[in-house]
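A.B. asks: Based on these hints, arrange chain B on the given structure of chain A.
Listed here are the chains, written in short residue letters.
Number of protein chains: 2
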Amino acid sequence: MVKRYEKINPPNRILMGPGPSNVPAPVMAALGAPVVGHLDPAFLAVMEEVQEMLRAVMRTENTLTIPVSGTGSAAMEAALVNVLEPGDGALVCVNGVFGERMCDIAGRCGAEVRRVDAPWGSPVDPGAVRKALDGFNAKVVAAVHAETSTGVLQPLEDLSKAAHERGALFLADAVTSLAGAPVEVDRWGIDVCYSGTQKCLSCPPGLAPITFGPRAMEVLTKRKTKVRSWYLDMTMILKYWGPDRAYHHTAPISMIYALREALRVVLEEGLEKRWERHLRVHDSLVRGLGKLGLSMLVEKPYRAPMINTVVIPEGVNDLDVRRRLLGEYSLEIGGGLGVLKGKVWRIGIMGDSCTEENVGILLGALRKLL
Amino acid sequence: MVKRYEKINPPNRILMGPGPSNVPAPVMAALGAPVVGHLDPAFLAVMEEVQEMLRAVMRTENTLTIPVSGTGSAAMEAALVNVLEPGDGALVCVNGVFGERMCDIAGRCGAEVRRVDAPWGSPVDPGAVRKALDGFNAKVVAAVHAETSTGVLQPLEDLSKAAHERGALFLADAVTSLAGAPVEVDRWGIDVCYSGTQKCLSCPPGLAPITFGPRAMEVLTKRKTKVRSWYLDMTMILKYWGPDRAYHHTAPISMIYALREALRVVLEEGLEKRWERHLRVHDSLVRGLGKLGLSMLVEKPYRAPMINTVVIPEGVNDLDVRRRLLGEYSLEIGGGLGVLKGKVWRIGIMGDSCTEENVGILLGALRKLL
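Protein chains in written order, with this note's numbering: chain A, 1 to 370; chain B, 1 to 370.
It cannot be assumed that every hint is accurate.
A pair counts as met if it fits within one copy or between any two copies, since identical chains are not told apart.
[As the list claims (entries may be wrong)] For lysine-lysine, the following PhoX-like pairs were computed, each having C-alpha atoms within a straight-line distance of at most 25 Å:
1) Lys222 <-> Lys239
2) Lys7 <-> Lys273
3) Lys161 <-> Lys139
4) Lys3 <-> Lys273
5) Lys341 <-> Lys239
6) Lys343 <-> Lys239
7) Lys226 <-> Lys239
8) Lys139 <-> Lys226
9) Lys139 <-> Lys224
10) Lys300 <-> Lys273
11) Lys224 <-> Lys239
12) Lys368 <-> Lys291
13) Lys300 <-> Lys341
Since the hints were made in silico from the structure, they are not lab data.
Looking at chain A on its own, in the form it has when it is part of the complex (with noise of 0.2 Å):
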């Protein structure tokens, strides 16, 4: 007998975890568009805007600017993949899941790992890089700036003259910052950048923008041995995204029309403001989780303003609470990661999910679950 399944029905929910975030209508509406083909005229000149927009959004001329056919976590493959070779050192900073997984991709490259570790929910220490570069050959140096399993927002420009001081790359991660708060590639002198599209961009998670500046190109063209992912191939990918349009995979159509519409959103609203609207929602979420008695895990300078890591009080049940938001209120929040689960819970404001409503919704619904 043939099971029959009914059409699908998803509930709409207020995302406020650590995305996907709200999808605005124009986004939703262009991935309803007419798919193409991914050599149709009419889809390289949407190539060609989502490389202009992606160059906007993340303050960047560099040519190879793209979306990776994947999540964010394949753009930190990408990244890695294709800078490091067997044998090459990488020393990446480590205050989350995320920085962990950076030395486990980096260790698949074959490189060779040194971490300079701080403690959950605290930024990574400069002057501790500095130390552990001495007397290792660093080819590139990796951190995380929105660390979404802590909250913690990473500054990344001291971390990348760390790194150029001694001729190695800098490489960060922006998946959960990017359009929520500044990330200035070119004038923080990031070589290779990457982000997703769930989170401050507002677009349905499954592509990933990166960025390689000259210094990493240097370094793509310049390689011994194949990179080890060809599906992640950059210096391939860029004969499809370039003037070429060789054929390497077939590009995800749909969703490159919605993070088309997503960044266009985000450029219409304008970078800056949608910057600011990120840091004052946060300031009316803080103030409003104090007055519940809630506290922060991070310390006010290094919290990031789209991801908010807030203690769970004693003999509160984390579990129960985030089940009745999500079936009285249908909002979601995220629960902590590793050595976090159970302790913090994680309040996200990113893109459309960052108004004062949702956070009066949300501070509302504490009042009365606590």
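C.D. replies: Okay, now just chain B, sitting in the frame of chain A:
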């Protein structure tokens, strides 16, 4: 000055190239359903349904049957990178672009690659495969079912037998064939099989179904080295798709909705009926092309019904005809790849694009243009 971008507005096309194919209305509607979190109970239910329906469409009872968060080529890489460790033997059947691609990827996995070639447009001879397996310690034998670059449908059962006789796994690329021609994963003893969403499943490009059978799972669990790709590491991904629900990477929610709906549409039509439809429309197309004096590249018994390679007559300008089809009829067909560039057209009749009406429009247009 800030450049203004208009809302996205791609044209409606009749997609008769090598994929993407036209997407039916319920699948487009699913793509536009509200985005929820990747651990939302509503989404976990969708994941369960996707796995159930994928097993039905792939004709398998394999537990590990999921969509890879990338396109068909990501699934090719996932198949090879999970099975192969440095020094392992990989025997690859090559009679087109995608066999070549498998060799490239297997090499990047550190495998020793041996290839069995056949002319582009002909199937690979199982006798030659058996011979090549003599004195070669192959861990895997890999073949492409429907070679999208040549239009050959490779019989798989005998190759599968040959692999198993020597204790090797059998890996099949069903990117273009799945849901357009019989793909019997369990009955044919295929140990690893993958596909793409944008061909006969008639879903937008961006996901790639994959399945690993018991023999392949044993290989995965007995690995001595880490999988070279973190993003495609199946034992980690399985922890998210299995009962643990452990976070690996954020699932591409909207695309998984679309795939869920595409699978529902396929099963509603019925798999056997869908195969018959592809064969029937293929017969019409070949007959019609014959009446126009056009001949097929591939001999009758080895023609893949869903991807048809037609020899471009002497004196006819390849690009000119394809441009006019697109410009005057809004109809896309594909050009040749690699050694077949400029020599053949590739006419896809996949999924929703596979109708007598579309074939009629194309034949009418070709009659005028040639």
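A.B. asks: With 25 Å as the alpha-carbon cut-off, assign the pair Lys222 and Lys239 to within, between, both or neither.
C.D. replies: within (17 Å within a copy, 38 Å between copies)
A.B. asks: Since the copies are identical, ignore which copy is meant and state whether Lys368 and Lys291 lie within 25 Å (CA to CA) inside a copy, between copies, both or neither.
C.D. replies: Classified as within: same-chain Cα gap 13 Å, cross-chain 75 Å, threshold 25 Å.
A.B. asks: Cα distance capped at 25 Å. Does Lys224 pair with Lys239 within a copy, between copies, both, or neither?
C.D. replies: within (20 Å within a copy, 35 Å between copies)
A.B. asks: First find the shortest C-alpha distance between Lys341 and Lys239 inside one copy, then the shortest across copies, and answer within, between, both or neither for a cut-off of 25 Å.
C.D. replies: between (43 Å within a copy, 17 Å between copies)
A.B. asks: Is it within a copy, between copies, both, or neither that the alpha carbon of Lys139 lies no farther than 25 Å from that of Lys224?
C.D. replies: This pair counts as within: shortest intra-copy Cα distance 14 Å, inter-copy 27 Å.
A.B. asks: Regarding Lys7 and Lys273, is the shortest C-alpha distance of 25 Å or less found within a copy, between copies, in both, or in neither?
C.D. replies: Answer is between: at 21 Å across copies they meet the 25 Å cutoff, but 39 Å inside does not.
A.B. asks: How do Lys161 and Lys139 come out at 25 Å by Cα distance, when the copy is not named: within, between, both, or neither?
C.D. replies: within (14 Å within a copy, 47 Å between copies)
A.B. asks: First find the shortest C-alpha distance between Lys139 and Lys226 inside one copy, then the shortest across copies, and answer within, between, both or neither for a cut-off of 25 Å.
C.D. replies: both (17 Å within a copy, 22 Å between copies)
A.B. asks: Give the relationship of Lys300 and Lys341 under a CA distance limit of 25 Å: within one copy only, between copies only, both, or neither.
C.D. replies: Within. Shortest intra-copy distance 22 Å satisfies the 25 Å Cα cut-off; inter-copy 60 Å does not.
A.B. asks: At most 25 Å between CA atoms: does that hold for Lys3 and Lys273 within a copy, between copies, both, or neither?
C.D. replies: Result: close only across copies, 17 Å inter versus 51 Å intra.
A.B. asks: Using 25 Å as the alpha-carbon threshold, which applies to Lys300 and Lys273: within, between, both, or neither?
C.D. replies: within (21 Å within a copy, 63 Å between copies)
A.B. asks: Measure nothing new, just compare the shortest in-copy and cross-copy C-alpha distances for Lys226 and Lys239 to 25 Å and report within, between, both or neither.
C.D. replies: within (16 Å within a copy, 30 Å between copies)
Checked against the numbered hints given earlier, this structure breaks none of them.
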